[in-house]
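Single-letter residue listing:
2 protein chains.
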Amino acid sequence: MKTKFNSVLIIGMGLIGSSISRALTENHVANNVYGLDSNNKVIKKCLELNLLIQGETNLENFNTQFDLIIICTPLSKYEKIFIDIASYISKPTLVTDVGSTKMSTINDYNKIKKNSNINFIPSHPIAGLEKSGPEFGFSKLFQNRYCILTPFKQDDKAIDSISQMWKSIGMTIEIMDAERHDRVLAMTSHIPQLIAFSVVGTATELESHMRDEVIKYSAAGFRDFTRLAGSDPIMWRDVYQKNKNAVLEMLGRFSEDLSTYQKAIRNGDLEFLENKFNQSKKIRKEIEDIGQAGSFDPTEKKN
Amino acid sequence: MKTKFNSVLIIGMGLIGSSISRALTENHVANNVYGLDSNNKVIKKCLELNLLIQGETNLENFNTQFDLIIICTPLSKYEKIFIDIASYISKPTLVTDVGSTKMSTINDYNKIKKNSNINFIPSHPIAGLEKSGPEFGFSKLFQNRYCILTPFKQDDKAIDSISQMWKSIGMTIEIMDAERHDRVLAMTSHIPQLIAFSVVGTATELESHMRDEVIKYSAAGFRDFTRLAGSDPIMWRDVYQKNKNAVLEMLGRFSEDLSTYQKAIRNGDLEFLENKFNQSKKIRKEIEDIGQAGSFDPTEKKN
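The listed protein sequences derive, respectively, from chains H and D.
Every number in our numbering is 16 more than the matching position in the first sequence, counting from 1.
Every number in our numbering is 16 more than the matching position in the second sequence, counting from 1.
Looking at chain H on its own, in the form it has when it is part of the complex (with noise of 0.2 Å):
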């Protein structure tokens, strides 16, 4: 059974705020989607592309109140867009978010002046792409991938349609609570990418011949790389503000790890790699095993 909404308002219209648009739509989950964004350009865009029955960059000009409001900015101005809300909101209405970190939006959500009329449910759907902005959104991003949604209070209703909400753009649902989230997700994403911007970095670095040949010869591995470090810079920036803890905690085990490969090398302990690489190679055999790996294209794509 699907839950219909007849208005939503959809906060920060980029990549996963347009895309959650287009999904709601060609799924029939909302009957109006509506965009806020503080940039004008995106919200031109999202009405370019008949993303959104209204578009406004700020919210005293909406003339309506809302069933549901998706967060999809950055997690820096969480804080103020609580506020904002919960001042404009006069009807019973249901929040959620796409943040990644998950202490901090509840910690952000928990600082403000109580609105009864919110009831916040905070998630993170685990999609994207390195790609920002309305244009790049499609409303496919979310099939068959996970949303964690971290409740912190225990309100079945509110929890059921948010779940089928995503549910309905195609994906499956895991309840987890927000600490263990961020540890997590430190792990299979806040480390990996800082790894990549700190990779890439490194050779932005290097002799200009030598930065130029690196650039020339990234299909040998760093391209694998780079396409992580192509992701927005202010959204990852907040990210490792919000879950510095996790991040630092995951960060010096690897550096920790790292080390060993880099003696084991050095002392020429060819077992020692051998077997941590066969390791390796079966982590990736059993995310592939569940669907997890997407699918890459060695060659380019036809403009």
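Derived by calculation from the structure, the hints in this document are not laboratory data.
Since the list gives no way to pick one copy over another, a pair counts as held whenever it fits inside one copy or between any two copies.
Calculated pairs, SDA-like style, for lysine to any residue (alpha carbon to alpha carbon, straight line, at most 20 Å):
(1) 279 <-> 269
(2) 57 <-> 77
(3) 297 <-> 151
(4) 147 <-> 306
(5) 279 <-> 268
(6) 301 <-> 151
(7) 61 <-> 73
With chain H's structure known, arrange chain D on it following the hints.
Below, chain D without anything else, positioned relative to chain H:
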């Protein structure tokens, strides 16, 4: 003008060797492709796939001489292969290889007793996939990719023949000295690969519930690292032995840089992070602009 070879021997019929055999045949560069592999199953598979006119596990079993020999094995086998072919070859033969390190290749070659019929021009086609085995090879693997030649003596005719061969299967030729090749490839290939193995290794050593969740939610970024980490362990073990110095140098630079990110996260230096992330994003753009980015499909391929 195409150089046509009458008989080509490929030593090592894995992903790369089998892709070369397909490409040489499809592009009419070779009349007869012979294959040598120490693993009888690999040879059987190649014959099933109709990739070879003759396949053997022992060089002595061939009853013919070759115009061209291409070595496509892990680097640790090179020295023995050079010895074997030097005692087998009795007419002028071009020899090349596809190895990821070139100083070690030339050293291995220089160690053996000279056979004046051998003309060795080292190559490194920058193309690959994380899969291993002849069943995963395909003829288009080399199209629009670079092939670096590191000749150690001036023999224009031989260099031209080898260049033509790679060009015939779609590659662009670059000539470089071996030492520079090894430093550039340390950064574009060996370091990203080592870090990918290491990040995936860190995940395997987490508490078991965390490990399962990291696999489950790998679409968040981690899976990009596991793609590289799915590569052949033996091949890579050999690379780190053979390119030890350049790898340790670049690894040192990377570790220093990563520490600066770690410090910025600990101190909440958001400006530093944002600047660095913006620089990395620009490098990605350059790689896309020169058509070396490949294309990633975030959805699963239909089976």
